[in-house]
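We have chain A already, so just place chain B on it with the hints.
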Amino acid sequence: MADSTEKEMKILILATLSGGYEGANSVGQSHFEYAANTYVLPVVSPAMFPEDFYLRAFERGIDAIVVMYSGSDCPYRGAAERTAEIINRVFPKMKERGINPRRLRLVAICTVCAKPFLEEVAHANELLSEIGPVRDEIAAAQAQAA
Amino acid sequence: MTEKPENLIPQEPESAAQDEEEIRIGVYTCGCGGNISDVVDIEKTAEALSHMPNVVVSRTDAAMCSDGGQSLIEEDIKNLGINRVVIGSCKPALHRQTFRGAISRGGLNPYFYYHVGIREQDSWVHHDQPDEATKKAIRLMTTGVVKARMLEPLEPIRLPAEKHVLVIGGGLAGLRSALDMARHGLKVTLIEKTPFLGGRVAQLETLFPTEESARDLIRKLVDKVTNHPNVTVYTYAELVGMSGYVGDYHVKVLQHSRGVSDDMADAAIAGCTKEVPDEFNYGLTKRKVVYRAYPGCYPESPAVDWEHYEDGCVKVNGEPLHLEDQPKVWEFTVGGIVMATGFRPYEPYEGEYGYGVLPEVITLPQLIRLIGLTPEGQPLKWQGREVKNLAMVHCVGSRQIAGINKPQPDGQVNDYCSRVCCTAILHTAAELNKRFPGIRVFDLYQDIRTYGRGHEDYYTEASENNVLFMRYHNDELPEVEPAPAGEKRPLVVKVKDYLTWGEELEVPVDLVVLAVGIMPNPIEDLIHMLKISPGTDRFLLEVHPKLRPVETAVPGIVLAGTAQGPMNTQETNAAAAAAAVKMSALLGAGSVELEPFVAYVNPDKCEGLGECIKVCAYEDALTLRTVEVDGKQVQRAVVTPANCAGCGACVSACPNRAIDLRGWTLAQYEAMVDAIALGDMPALGG
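Residue numbers (my numbering), protein chains in the order written: chain A, 1 to 146; chain B, 1 to 686.
Hints were generated in silico from the structure; no laboratory data involved.
One thing to keep in mind: the hints can contain errors.
As the list claims (entries may be wrong) - Below are the DSSO-like pairs computed for lysine-lysine, each with C-alpha atoms no more than 30 Å apart in a straight line: (1) A/K115 - B/K406; (2) B/K187 - B/K531; (3) B/K488 - B/K388; (4) B/K434 - B/K187; (5) B/K252 - B/K286; (6) B/K381 - A/K93; (7) B/K381 - B/K274; (8) B/K252 - B/K531; (9) B/K328 - B/K274; (10) A/K115 - B/K546; (11) B/K252 - B/K224; (12) B/K614 - A/K95; (13) A/K93 - A/K7; (14) B/K193 - B/K328; (15) B/K315 - B/K274; (16) B/K614 - A/K93; (17) A/K7 - B/K44; (18) B/K496 - B/K388.
Chain A with its partners taken away, still in its complex shape:
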C-alpha cells in the first residue's frame, strides 16, 4: 500500500445552498482555475452537523474541512450562531486527538464571493503543504499514546 503522503490530500468544503455552494458555482461561471483536490458538498445549514461529524471525517482521511456558511446573511434564524458554537467545540476535541485545529475553518462565503472562495481553497492547500496529511498526525498521536 502506498504511503499516505503520496496520496492526494483532500479538502472537504461544506457549503450552504444559500451561500458558499452558489459562491463555488460563481467561481465556475467565471472559469477561475483552482486545485482539484477540493470537494464541495451542498448543505442547507452546517448547524446540522454535530461535533463528531467533523472528527469522524478527519479520522476517515479528510485532510482539511472548510465550512462555508452564510454567516450573518444566513436565512435561518440562529443557525449561523449555532454553527459557530459547534465548530468552537470541535477545536479542543481535535487537539485531544492530535489533529491540528487549523485543519477546520469556518468562513462566511456569499453567493458571489468568487475571490474569497479561491482564497480559502488556496489557504487550505498552503496549510496542507505545511502540515501534511491528517492520517500522519493521527498515527503519530496514536503511537505516542501507545
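Here is chain B on its own, set in the frame of chain A:
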C-alpha cells in the same frame, strides 16, 4: 393530552417497503455540449461508475437536459427498473425541476434523484487538469451514488391554504402587490401603519424617467386597489400578533381610531390649535394634530395624531372637543404575508456637512418637498432668500467606511450603495433647471451611478445645462462652512476636486443639499414576530438573491420593494409584482405544496430529552408531546412540518440521533464524506 404511538408513525421515513426492494441506480453523465466533456472524460467517468454496487446502468449524453436525454432516463426507469437516479451535469438549481419531471414521467418518485454539479465545480474550474477533473468527477458522482442508495421516497408537504393574503405596508410596493394578487383572485387585506396610503412615493413630485406626477400615479393605484372587490384596506393599522404556518397564519391587527367623524372633520381641523412638524414635508412646514397628509390623500377623512394629541387642543364652537382613541382589533386567517414595509431616508447626524447646525443645509427629500411647495412661477427661496447657487453632495449615509464615517446608533456604517440617489439628484437638477432657470448646481460626487434605462440621459442633460460636477474621494470628504462675513452667499463648500487633478476648490452657495441614502424602516417588532431575518445591511433578507429573490426563509412570507433593499420606483413595482406572482402561485390552488426537506423524529430513538427544542428558532416547529409507550406515559419530540424551516439545527443537538432532516440526513453526509475520503477510487476498481 396523550397521543397514541401510531400517531407518530408518519414522522418516520417511509423506508420499510424500500428496504426490501433491490436498489437499482441509473447514473447519467452529461457532456453539456462540450462544457463538461471538453475537460472531463465522461466516457471514462461513466465506465468507472458502472462498476459500483447497485449501479445498473451508467450512460453519457451530450445534453441530459434535452428531450433525448430526459427520455433516456424515462426509458431506463420503465425498461430497466431503475429506482434511483444520479445525474452529473450543470449546477443542480438549473435543471432540478427538469429532471424531477423526467423521473416522475418514468413513474418514479421524483425525490429518488440526486444531482451532482460537475460543470461549475469541476470542468469549468479545472480546464488545465483534465485527468484530475475526470477523477474528481468520478469521486463527486460517487458521492451521489452512495447518497442515492440512502434516498427515501418523499412527497411534497401539502396543506390547505387560505386564499387570503395580508399585505403590510400601503406604499407603492404594498399597493402594487395587493392589486396584482387581487386580480389573480386572492383576497387581500392591506394594512398601513400611518393614517394615509401612498408611502414615500407620495412625497415625490415627478418620477424618473417617465416624468409622471408621483401623486397622480399613487392616486390611480389607490383608486384601483380600494375599488377592487377582493381588497380590504385598514389604515392606521398594525400587525400585533401572528401564529400558525403557511396557508394558515392567524393574524391580529390593531387599528387606531381616526378620532373624528367625517361630518366633524373640517370643523375639527379648523378648531385644532396644536401644531407639530409635518413629516410629509420632512419638517419644512407644520401641520395640525388633526390633519390630512396632503391634498387628495386617501382616505380623505382626517386623522388624529394620537402621539401629539392633548385634551383641549381641538375646539369646536369654542368648546373643547374630547377625542378618544378606541382602537379596533381585527383577527383573521391568511395564507401568506407580503412584507412591503418600505424605507426611510438616512438622517444625517448633527454637524454632518453642517446638517442641523447650519440652517442652509438640507436633505434631498426636503429639497423635493421645497420645490413642491413653491408655487409655479415663483423663485426657489430658502428662509426668505432666493437660491441662486446650490451644492448637492452624493453618498450621504451610503457607501460609508468604518473608521472614516461615523457609525449609526447600532454601531454599523451603511456600507451599501443606495442606488437611486445619483439619478434622483440629476433628475432634481433637471427639475430645478426647468422650474427655476438660472440656478447653478454644483454636484459633488464620488461616482455617478445612473444605471437604469433612460437614467444616463439625466447626466447628459445636467452636463449640458446647469450642473458643474466635482469629484471627491471618500477619504477626503467635502466640508461645508459658514461663509466669511460680508460674502454674498451664506455657505462655502470646500472640496478637493479630482476632475481637476486634486485642485482644492471653494464654492460659495446659498443652499447645500445632502443626497441621503435609503435605510429600512425600523420594524424590529415585525422581524421578531414573523421570525424573518434581516441582512447585515438591516434590510430584510431573501433566501437567495438570484434563485429565490422575494422569498424569506419562512414559508409564505415574501418581500416586496424597499423593505428588501434600495430600489427606485420601477424596481419597486417589479419586485412587488414578483412577490404577488410568487404568492399567487403559492396560494392560488387553495393548498400549498412545500419541499419535504424538514426535520423528522424517529420515536424509537427519541427519549424526550428536548435538546432539539432548545435550539429550534421556529415557533411550534418542534414540541414535546406525551405518548404512551409500553403502557407508560413518555415524552417524545414531534415536528410540525409546516413550521419547520429545515435548517437542521435540531439534528446536531440530539445525542441519540433521533431527529434528522429528510432528504439531507446525517447518515447520507457521512457516506458521502467516506466516498470522498477513501484513498482509493472504488469506482475505478481499486
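Tested hints:
no., hint, in the structure
1, A/K115 - B/K406, "holds (29 Å)"
2, B/K187 - B/K531, "holds (24 Å)"
3, B/K488 - B/K388, "holds (11 Å)"
4, B/K434 - B/K187, "violated (44 Å)"
5, B/K252 - B/K286, "violated (34 Å)"
6, B/K381 - A/K93, "violated (71 Å)"
7, B/K381 - B/K274, "holds (27 Å)"
8, B/K252 - B/K531, "holds (16 Å)"
9, B/K328 - B/K274, "holds (26 Å)"
10, A/K115 - B/K546, "holds (19 Å)"
11, B/K252 - B/K224, "holds (26 Å)"
12, B/K614 - A/K95, "holds (28 Å)"
13, A/K93 - A/K7, "holds (26 Å)"
14, B/K193 - B/K328, "holds (14 Å)"
15, B/K315 - B/K274, "holds (11 Å)"
16, B/K614 - A/K93, "holds (23 Å)"
17, A/K7 - B/K44, "holds (21 Å)"
18, B/K496 - B/K388, "holds (23 Å)"
Of the hints listed earlier, those the structure fails to meet are numbers 4, 5 and 6, in rising order.
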